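Please construct the entire structure, taking both the sequences and the accompanying hints into account.
Protein chains in written order, with my numbering: chain A, 1 to 401; chain B, 402 to 567; chain C, 568 to 785; chain D, 786 to 993; chain E, 994 to 1100; chain F, 1101 to 1490; chain G, 1491 to 1692.
For the record, the hints were derived by calculation from the structure and aren't laboratory data.
The structure presented is a predicted model; accordingly, all values stated were derived computationally and were not measured.
The beta carbon of each residue, even a glycine, is placed where N, CA and C say it ideally should be.
Warning: the hint list may mix true and false statements.
What the hints assert, rightly or not - Output of the computed footprint for chain A on chain F, the stretches with three or more beta carbons under 8 Å from beta carbons of chain A:
id, region
1, 1240-1249
2, 1317-1325
3, 1362-1371
4, 1377-1384
Single-letter residue listing:
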Amino acid sequence: MLAAPVSTHALPAIVDQVFILFKDWLVSFLPTSWRPAAGVVLGVIAIVCVFPALFALTTVFERKGLGRMQNRYGPNRVGPYGLFQPIADGVKSLTKEDVVPLNADVMVHFLAPLTLVVTVFMGFAVLPMGRNMALVSLDAGLLFFFSMSAATELSVFMAGWSSRNKYSLLGAMRAVAQMISYEVPLLLSSVAVVMISGSLSLPKIVEAQSGYTGVFPHWYIFTPWGLASFLVFAIAATAETNRSPFDLPEGESEIVAGYHTEYSGFKFALFFLAEYLAMFSISGIGVTLFLGGWSAPLSFLNVVPSWFWFFSKVMLSIFVFIWMRGTLPRLRQDQLMNFAWKFVLPFTLLNLGVTALWRFMGEGWARWVVCSVILVGVYVLMGRVGMFKKHFGPRSYRYAE
Amino acid sequence: MSPVFYILAAFTVAGGLAAVLLKNTVHCALALTVAFAGLALLFLNLDAQFVGFAQILIYIGAVAILVVFAILLTRGTETPREGVFSRSWLAGLVIAACVFSALGWAVLESARALPHETAVPSVTVHDIGAALLGRYVLPLEIVALLLTSATIGAVIVAMHEKGSAH
Amino acid sequence: MKTVEEIKAAIQAAVPGAGVEFVPNPSPCAQHSLRLTPGRAVEIARFLRDDPELAFDFCSNVTGVDWLDKETSEKVKVKRTVNKTVDGVEQAVEETVEETHKHVEPGYLEAVYHLYSMAKRHGPLVIRMRTVNRTDQVELPSLTPIWRGAEFQEREVFDLYGIVFKGHPDLRRILMWDGFKDYPMRKDYVDPDDYEYEPTAHDAVLKRAQAHQAAAEK
Amino acid sequence: MLGEGILKGMAETAKNFAGSFVSADRLTTVQYPEQRIPTFENARVFPFLVYDGPDWAAGMRCVACQICEKECPPKCIYIEKSRDKKPDFVGKPQFYPARFDIDISVCMSCQICVEVCPFEAIKMDTEFELATDDRFRGLLLDRQQLAKSNEYYHQIHPTEAGEVDARLDAEKAAAAAKAKVAAQAAAKAAETAKTAPAKPAPPAGGED
Amino acid sequence: MTPVASPLAGYLLLAALLFAIGLAGALTRRNAILVLIGIELMLNAANLNLVAFWRFSPHPEALTGMMFAIFSIAVAAAEAAVGLGLVISIYRHAQTTDLDQMNRMKG
Amino acid sequence: MSVAETKTEKLDGWNRPPTIEPGGEGELLEIAMGPHHPSTHGVFRMDVALDGERVMRLKPVFGYLHRNHEKIAEGAAYLASMPYTDRLDYFCSLSNNWAYALAVEKLVAQAVPERAQYIRVILAELTRIQNHASSIGFLIQEMGASGTPLMYAFREREKILDLFESLTGSRMMCNYMRFGGCRVDVSAAWLDAARKEVAGLPPFVDEFEALLTSNEILMARCQGVGVLKPDLAVNASVTGPLLRASGVNYDIRKVDHYGIYDRFKFRVPLGDHGDVYDRYMVRVLEMRESIRILEQALKDIPAGPIMDPKAKIRGFRPKPGEAYGRVEAPKGELGFYLISDGSPNPYRYRVRPPSLINLTILEDMCLGHNVADVVLIFGSVDIVLGEVDR
Amino acid sequence: MDQDLKIELGKQGVFVTTLEELYNWGRRSSIWPMQFGLACCAIEMIATTMARYDLARFGAEVFRPSPRQADLMIVSGTVTKKMAPQVVRLYNQMAEPRYVIAMGACAISGGPFKQGYNVLKGIDRYIPVDVHIPGCPPRPEALMQAFITLQKKIDEQHLTGEDRPRFLDEKAQGEFPVPEPAEHDLEPPSNPGVWSAPVVIR
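What follows is the structure, encoded as structure tokens:
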């Protein structure tokens, strides 16, 4: 944890750093040699409390939001406005019988959800959730994040394989194949940011975006390459978290419930938790890389605490996840793979080139025009070619009287 | 020699042993990832952050998954009827034991000459990047070539049969 | 569209020696039908499908019908000589006696096909085939090779009536499970005894419920 | 351009999302236990037996003719005729159901019993909240549970009940007229009988 | 184990042990994939050596050992991909991953 | 994955599903999809053999909802079967009613008064719209959309069901038509409500189309999937939107001229590719045509009786004979075949279920495709198990 | 929960009571039905989850495709003899606590189709049913009312004592025998452990 250099004790600054100050105050009761470790422990406790709570809220808001999109209320009876719904779900999941299939691999079956949740939680360690609010400020923070998200794949496989159920295995294979395929564009799209900011450390990346031109921020999404990377990142992130329209691993219309078909009770709840936590962490990374992390969207809004901006941006991205889920049908396995390897990956590579071009063209409007033209042109071209090659597109129909 | 080292070492060796000894192939692969994770932690213990994370990303995120996929694709999940160890297992064991004793003897012999605790080197990712694109740019290019050719080679090897079947 | 009689003539012209019989339908809709003898039925069906003028390319409906053994009793007055003792004397007297003659017309199973033409937009033409009896000779030629649309329907007729369609590519039970033994749509099928609890039993249901109770008490 | 259709779809759901906060068309939920969709007059769920007057046993219109029992497609009605008779609404002595059970766990709400009933005695209820955990006692309704007053009938099916009442009134009037004629005839006959040698008077047609 | 003065010796011993385990696995297992697993273990043991040498070298800022380890990881990944590709390819041909049986068939 | 890899074996017409050769590796994976599989519209089962995710063999298994409708009907009076027809295709009870009434009316040469004919047309077309909307909703649901199109379809369906309920008394099991007319008359208020509802339908279809028609994912998933060639479709007795999506112009409303469909101006939309997307679009376009019919019918509906006064209700005993009557139900040709032996019960009562017969070519359409496509193709056939198994 | 028992439990400690209440509240507020439909009633079940009726308000829109994760099996429609073994098997796969709602006439008793040869005369012959909804099909509101009835039923359950729910009774049956289709009928035609016919006096 970075030290908290609160220079001015103006109220906004105090509010901004309130968590850090609180932590420092708590830690100050301990001997000095214990303080760093205690700080980390406190941070871990905070993360372990905050994000599951956020998960609980998100599930109920997702269900309500989906409901609204579908002209209905969604859960609104359990507690005020249905807010206690996730608590009830939790109580029930905890007390529900834990069925382990007879021929399942008991040990692996038991370990899979645990390792999944643990690896997903690890990802939060490097997220800067506000000014000075990263649990550990690693030099190779981005790398750490991706290595953790790569480790989740194995847990998914373990879950699917140990259940000894055809649907589970099929779901797990799908999930792993999909996650591996989309990890490549995910990594490469963030490489663009690393190229410009010149750092793998997430706080540094945020700082690189925290300037303003007039009132408008210097976020990477407001550059041609940044927008393109962001789109690719968003697509890949959706695929990584198995959300609609890439939710094939759980495609209930074909393979029942995917890799967690055979899980019940609390273990199933853990999978559920892990899915949402992954959504938060990947949204957090997306926000950090492209949307300026904890910096305010307009310069005069800086009085609002930084953690507020971080969490609102994350929630906004969660809303988009939900929105897409409410609208889109899912792709097919081969289409998903083709999309990853034949569309997203080449486009990402091109974008890397464009980023390099941007880096070396220097300030001025020329690089804006050149980069935008290349990206838009290639996008339209690839879209056209893809559509024609796959023979899909709008059709006309004839009538008989 | 901190207790952390002993814990990690035990963890890693246990993973490695399990990977070699277990009956079920998938269990072996999973145990292998345990060993990989232990090694990654050891790297971190050695203050090699970048290598540690790269170890997790590549070994657990890619190699282990690859192994698992290969096991499933070759239907290796069932334990074979004829036993899991090769007929020449004894010879193998002997050779391994010999190798270990030779190495161990060499290490212990030279233990006195080995350097003692040194200061923690302050190497940032930035330094590594600079080194990769500076002094080590040639090996980097070669590795890039190697990786590309390996990818193509693996794809071709795996695709080949399908092509000829039709 | 040609009338059914014309079609019959056309069939007989095209498939020499085909046994085709005109079966009138007394109902007001007058959908008369043709009865084919099973032997040449496939050829006739192919002719019906492929003849450019008839072009019955669309086999809409396949039905099985179960016709039970029909017992017709008719009362006949018969004259015969009976030995009688009239006035103490035994003599042969001719007498008219009423006798009931029972004919048992053997039952049969029937498969009915309704054909239409999508190309010519006419129809329906009803063709029917009969099995010899209801017990052992229940084979009919399958028309699935001519009209694929008959595939599941013939399977259904096999399942529920027990008509065995020769030449059907995949004649298995379709609605009932494989180990099932009976042909439930036949008129003489007896339901399994599972009337354990019938709070509003009456008529036939009552009888079965009572039978069940009697069996349970035993 | 690729992605256009997706955006169009997203716009559609967004419209519904936003609309759900302002427009009733976009938020069609009727919150059931508190709010209810008004029942339609024609709605039908399960049959009930209509009775007139305050006493359900005395006023029951059903005469145990058992037509509905016979016609009921799933055979969910069970009727036992009474041994004695009681007068019906026009005063004619009729049998009544000593037992009238409907197993609503079988009933398919087809309304055929209503259609075939010549006495306007069985009608369709609109009550549907009948879920129970007791299958054997909760779902076999006897005649007391089935009996509902004519007022209730008016309440749930006002138009139809009005027609039925009009028809019954007409029938009653016709019966009364017939009875009157019969009574007059009887009176005449009695008069003539007075003059003529005594004849047994015909019974007055159900005037009680 | 005798008390080792240098921590490096501990790492080296551990690496030797892992290497031996990997070697034993590679030499004794029947299944081709498990042989590959053994080889991976051996490679990792080597990596451990490299990193340990880098850590305790007099000039860690030269990054030699670490670079070696990074390249070795990259090469190992390539090796794993090609090796498993080969295994799958052979499996398609012979319908087995049992090395003993593959030997028996002689191509 | 294309069907071009499949080897079509021409065997006396198009009789056998094509056989395809496995790609080479390993045994086939046998999966029984159903009978409680989430996307089999109830209790349908497909025994699928997979090579990877590619379908090599597919055998539908029926009978999990075989409720002995025909047997029960043969033991009951003609009228008593009317409520049972509701439960055949439980989405479209009114079409079923009509088909059965039509068959019986043919059997006894029963005329139907003008007003009743109009009511029948109105109800049948409303049924068609709600069925098509829901079937598209289910199709997209199977494609993985989390219910939104289905919700919109059901939102509209509820409005139509309100019309049904206020007229016939029940939401789904209307039991409305009678031999020679209809059970109750429509009121002016009902007609107004129906007009209002019909006026609200085009915006609904527009919304539906905006949500789906040009969606790239939907196009990518549906186009070129589950192609059904017209000649095979005809030979396999496929009917309804499935047939018309293959480009065969056969709509029983136009062919048989039953009811009073001749009086209305409407067109029959046809597809050229015969794939899932065409089926989807044909349904959408049919909804639009149905709205046209409804507008005309609601404008022209005459006054008059709704039951033929000569119609016999009590003691209904048709003379011996037989009749086959069919209508264009939303799912295809729904026919009833009745044999009367002069008794109050039909001697033989047979339903020609479009859902079952449309499934004949399920295997042909699915072979060589992905499992995910199977679900889609199956959804595009639009079946209801009550009718498949009866 | 009735007053007497509250007092009685109060003796055992408030903790138990509140725990029981929390447990029951959790169970009843989060009933996830299984995504499983049989016939006509299934359509009304779907309609119940749709915008107009919106079962989601009770937190019950999470229709789980996998029986392991579902709490409630809504037997919505006719159970045929061919299907009955599957239904029982599915029920066996569900994790406790599990509930069954028999929706519609067919599921309760075979309904209008009970005279058929292939129709099971009520699913309660094989598995225990918690709530029965008559109707053919029941209106969506009726399903919701049944749902509320089930919630009330759960609320009234005590975790200890004689009337504790079945899943807390160690001696109670966990797996139910799955009937086998035989030559003429299912074997056994009913499961005597679950169901016995009441005596019909007639």
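How the hints compare with the structure:
1. 1240-1249: holds (count 9)
2. 1317-1325: holds (count 7)
3. 1362-1371: holds (count 5)
4. 1377-1384: Since three or more residues must qualify, the claim that chain A covers the region 1377-1384 of chain F holds, with 4 doing so at under 8 Å.
In summary, the structure agrees with every hint in the numbered list given earlier.
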